[in-house]
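As you go down the protein sequences, you meet chains A and B in turn.
In this text, residue positions in the first sequence follow this note's numbering: the first is 320, and each later residue adds one.
In this text, residue positions in the second sequence follow this note's numbering: the first is 202, and each later residue adds one.
Source of the hints: derived by calculation from the structure; they are not laboratory data.
We put the CB at the ideal spot given by N, CA and C, even for glycine.
Hints are not guaranteed to be accurate.
[Said to hold, decoys possible] Below, a sample of chain A positions facing chain B; criterion: calculated Cβ distance under 7 Å:
(1) S370
(2) L372
(3) K799
[Unchecked claim] Straight-line Cα separation of at most 30 Å, DSSO-like style, residue types lysine-lysine; simulated pairs:
(4) A:K727 with B:K280
(5) A:K639 with B:K256
(6) B:K260 with A:K720
(7) B:K262 with A:K739
(8) A:K534 with B:K334
(9) A:K549 with B:K280
(10) A:K738 with B:K411
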Amino acid sequence: MNKNKLLIVLFFGGLLALPVSLSAYIGPGAGFAFLSSFLVFFLTFLLAVFSLLSWPFRFLFKLVKGRKSYKNSLVDQVIVVGLDGMEPTLLEKFLEQGKLPNLNTLKQKGTYKRLDTTIPSISPVAWSSFMTGCHPAKHNIFDFLSRDPNTYMPDLSSAQIQGPKRVLSLGPYKIPLSKPVIKGLRKSIPFWKILGENSIFSTILRIPITFPPEKFKGHLISGMCAPDLKGSQGTFSYYSSEKTDIGEGGMVIPVKIHGNQVQTYISGPVNSLRKEEKEIRLPITIDLHKKNNSVSIRVSGQTHHLNTNQLSDWIKITFKPGLGIKIRAICRFYVSEISPEFKMYLSPLNIDPEKPSLPISHPFIYSVYLAKILGSYNTLGEADDTWALNEQILDEDTFLKLCYDTHKESESMLFNALKKTRKGLVACWFQLTDSVQHMFFRYLDKNHPALKHTQCEKDEKIIEKLYMEMDDLVGRVMDKQEKNSCLIVMSDHGFKQFKRGVNINSWLYKNNYLSLKQGKTHSREWFKDVDWKNTRAYGLGLGGIYINVKGREQQGIVSLGEEYQSLKSELKSKLEHLKDEEENQNAINKIYDRDEIPPGPYKGNCPDLIVGYHEGYRVSWDSVTGKVDSTLFQDNTKAWSGDHCIDPALVPGILFCDRKINKQQTGIVDIAPTILKLFGIHPPEHMDGSSLI
Amino acid sequence: MVHILNSVLSKFFEIIFLPFQNISPWFGMIFISLLTGLIMLFIFKLTSDQEGIKKTKNKIKAHLLELRLYKDDLRTSFKAQGHILLSNFKYMKYSLKPLLIMIIPVILILIHSNFWFAYDSLGIEETALLKVKLSDDFVPTELDTEITANDSIQIETAPLRINEQNEIDWRFSAQKAGVHEIKIKIGEQLITKSVSVSQNPLSQISPFKKRKNIMDQLLYPLEKPLEKNSFVKSVEITYPSSGFHVLGINFHWIVVFFILSIVFGFSFKGFFGVEI
């Protein structure tokens, strides 16, 4: 100890040794520490005693209540690693090249198979089938979007959020007297609920279509389709002093530079507390430090320093709609330029998991727990902001950083769960494989039209690196497996190039199935110029065609029965021969009639026809949003260059299991019954799949 | 140096307590607790690792939630408890630096507040003892003593010499309100000691006068100390001790100060954005 330190110690020691009773108390500083520490010690001691004393009773209760759990179980633990969109052909190539040693070990030890996906091959549909063991007609999810037959407008297919039913009117306010209604639209029963009924604990992490979270024996954090604070599936903001247009997925907030400062706002949720429902705006001031190319962002009483071209960490912000209520969110900033123009990206406003304004986990405290132990994390279902790259607001490196950061958060959740769930099920979904392939698949095809039009800073190695990183993740999971454990690594569908877009609504228009209002030759988005009284069919979503059925659609004209059936047959027959003359190739592989797909009580919500596009094709960007024009085929020039919304037969997923599977045909609907069987539970009759073990 | 510090601080406390002297001491106590709470908050904010404290507190809360989430898993529960205790030690480590820095202002506040809140002044006709402590080498019975005071103080007894304790005591009674002076001559040494009689509800009272050394000068700053080489160690007046009554129970002022300053500190931590 040097002399100075010694003197300091002696000085404070001397002060503490002052011969008065007062020195026993050295002020609030000590009081703060003493009180907090004492409380923690006391609480911990109390809980320890309580845990010890109550454990025998709880053990007995568990024994009586759950006496059958694990009795016939083949395993103690099942781990499911869901790698969204992992493509079998690429995987098999990399396996052969020896680039995926851990997955190869898994294959040698157990099984590798291609996994049949759902019709249609879309993530929310496929993962709903994964969790319920049922085909879509039994779980009611057929796309990201469903449609309202009264308005022909799209709705989110997985959940409905409505304001409170009863409100008290008070001046400019309308005070809610009941809770807002958050209703999940996915039907049937997730298999982890059945496990819970048999006293088997599960931890479910980020699996799609788990918002709103349902009660069961275990912990769950919602995944794909959980909304952002604005209630959307992810709306980024782009602040620019330059005139900018954004197609979709975000909003432009024009700003002006005053000296070295930009004053603007964060666009928040609609203020439902006020009669006049306006968005809540949070003021934000950005000081520009041109010398060192950095900014200071002042928001919600905090100042954050950020260099240009640097992503911020999660920043907590608070909206105040009035009456003392606070709505909390987390977001990330990225400033790409401060001079001569100002350009800044703000991520979608994620629900703050530490103080969630909507339930995003079960139990409610689970999201709080994860935030406190791991730090803030992405809570938005569509975590990776593909739109921002598509609209060239983010560059490829920044997009990748965002994706990999989110992936790391999910990894941390998984490894935390593996530590805690030594008996039971752990299932975790990773979006990275899907997002990166959507946005970088063009690098695998030198003739992809997007390579000529978008930022191209990467090469085909990016996909290879992605697969190798997933292999590394699997290896680390294998290291954490309990003794009598089963590991399943799977994807919900595969991936193919998306080079050409098909405007199915334009085709329907050109072939007189869809009519436009008099004098119109094209329709703006969401069918604004469609003449419904003369329209027989229309396309909505990523592959659905709906017949404008009398009595079902508001302005339906096609009668159910023979007219309906013959129209479907006619469309099927024509579309299956739809040729892209420019490429001299059929655009559609197969049309699926909803009467031919596996039945279920929700078949009525299924599109009447599902278009199974050929490899290289997909529904065009315009057609998805209900635009109609004269163009049938279009080059896809966006960064979003790979897709899976094609004929499901062309995009099976993958399945690895460290147990032998002898069944030849394996489908995603078989996973739920297989896991139930592994835990010694007979799969319920309503499940369409069957055990692979 | 110490003398200057004492003068400045005494004056400062006189000024800040000036508005509260004629009203209940509770007001003065609330004010000084609030002031202390706020000063400590700022010191805590400036001198502590706020981010580290936040992270550690989050860890503690996380493991407390873990106990709730994994209540059926004894192994996880015990691990969580272990983590809580470890994080708690870490939290205490984070509190140590601000705590050490706070010691200085807080001890000064406590020393001065003690003379305002710990004692009551003597009432009219109330008796008290005047105690003079001598150095070990001096025997009280071998020394001549003389005590004088004005009409306001009546010396009631002859000196009581206690050789075993090296102490000479007098009993006196207060006759008139005010701050008076008693003069004591022991051997050849002349000593003076102030006496407070029937002062305001909140007044500064000095019960001790001690021989000159830095520590005692800091602790007993109100009166000029005795000479360093004096054979008199201290002069004390036994004032009645004061306290704060809550629901019929008498609390020592320091207990009230402790609770109030903590309450104020915690109440304003959110407002000033301090992580405690």
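Hints, verified against the model:
no., hint, result
1, S370, "holds, 5 Å"
2, L372, "violated, 12 Å"
3, K799, "violated, 15 Å"
4, A:K727 with B:K280, "holds, 24 Å"
5, A:K639 with B:K256, "holds, 26 Å"
6, B:K260 with A:K720, "holds, 26 Å"
7, B:K262 with A:K739, "holds, 17 Å"
8, A:K534 with B:K334, "violated, 77 Å"
9, A:K549 with B:K280, "violated, 39 Å"
10, A:K738 with B:K411, "violated, 65 Å"
Violated hints, listed in ascending order, are 2, 3, 8, 9 and 10; each of the other numbered hints is respected by the structure.
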